[in-house]
Amino acid sequence: MAIGVAPMWLRYLYPTPKLDVRAVAFRGEELLLVRDSADRRWSLPGGWIDLGESLAEAAVHEVPEVAFFDADDLPELSTGRGTHDDLRHMFTHLREPDRACDFA
16 MAIGVAPMWL RYLYPTPKLD VRAVAFRGEE LLLVRDSADR RWSLPGGWID LGESLAEAAV
76 HEVPEVAFFD ADDLPELSTG RGTHDDLRHM FTHLREPDRA CDFA
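Take the sequence shown: its position 32, counted from the start at 1, is 47 in the numbering used here, and no numbers get skipped.
Hints listed in this document are in silico derivations from the structure and should not be mistaken for laboratory results. All residues carry an ideal CB built from backbone N, CA and C; glycine is no exception. Treat the hints with care, as some may be off.
Pair by pair, the computed Cβ-Cβ distance ranges are [to be verified]: (1) Glu44 x Asp117: 15 to 21 Å; (2) Val81 x Thr107: 19 to 25 Å; (3) His104 x Arg50: 19 to 25 Å; (4) Trp63 x Ala115: 24 to 30 Å; (5) Glu44 x Gly67: 33 to 39 Å; (6) Val75 x Arg55: 17 to 23 Å; (7) Pro32 x Asp85: 35 to 41 Å; (8) Phe118 x Glu68: 15 to 21 Å; (9) Val39 x Thr94: 18 to 24 Å.
Input sequences plus hints: build the corresponding full structure.
This is how it looks when you write it as structure tokens:
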């Protein structure tokens, strides 16, 4: 990649943007969550996207311990990675498949 041969000053002058991806997956009426390794709480699968990696690849490699949860039985969530209201909103999208996509 060109970044590897760029002069040191140029690498720091134009830092690489950091992107985070989260995936939403349902099994019937249950939402897939992963246990966060830092605080052992639950969140949507995802994490930092590596340079040259697709959104799908990033979401797949960020899946440690996993479980599916019903909208009425959500676990304690990982701080800063989504709220119970956010996840309930995902269930709204499940039940209304024609609803417009949300971006945050």
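Do the hints match the structure? See the list:
Distance hint check: the CB atoms of Glu44 and Asp117 are about 20 Å apart, consistent with the given range 15 to 21 Å. Range check, Val81 to Thr107: about 22 Å between beta-carbon atoms, so the 19 to 25 Å window is met. Remark: the range hint 19 to 25 Å for His104 to Arg50 is upheld by a beta-carbon distance near 21 Å. For the pair Trp63 and Ala115, the beta carbons lie near 27 Å from each other, so the given range of 24 to 30 Å is met.
Checking the proposed 33 to 39 Å range against Glu44 and Gly67 shows it holds: the Cβ atoms sit about 36 Å from each other. Here the CB-CB span from Val75 to Arg55 is close to 22 Å, well matched to the stated 17 to 23 Å. For the pair Pro32 and Asp85, the supplied restraint of 35 to 41 Å holds, since their beta-carbon distance comes to about 36 Å. Taking the beta carbon of each, Phe118 and Glu68 are about 19 Å apart, inside 15 to 21 Å as hinted.
Separation of Val39 from Thr94 is about 19 Å and conforms to the stated range, judged on CB atoms against 18 to 24 Å.
Figure legend: structure checked against the earlier numbered hints; every hint is met.
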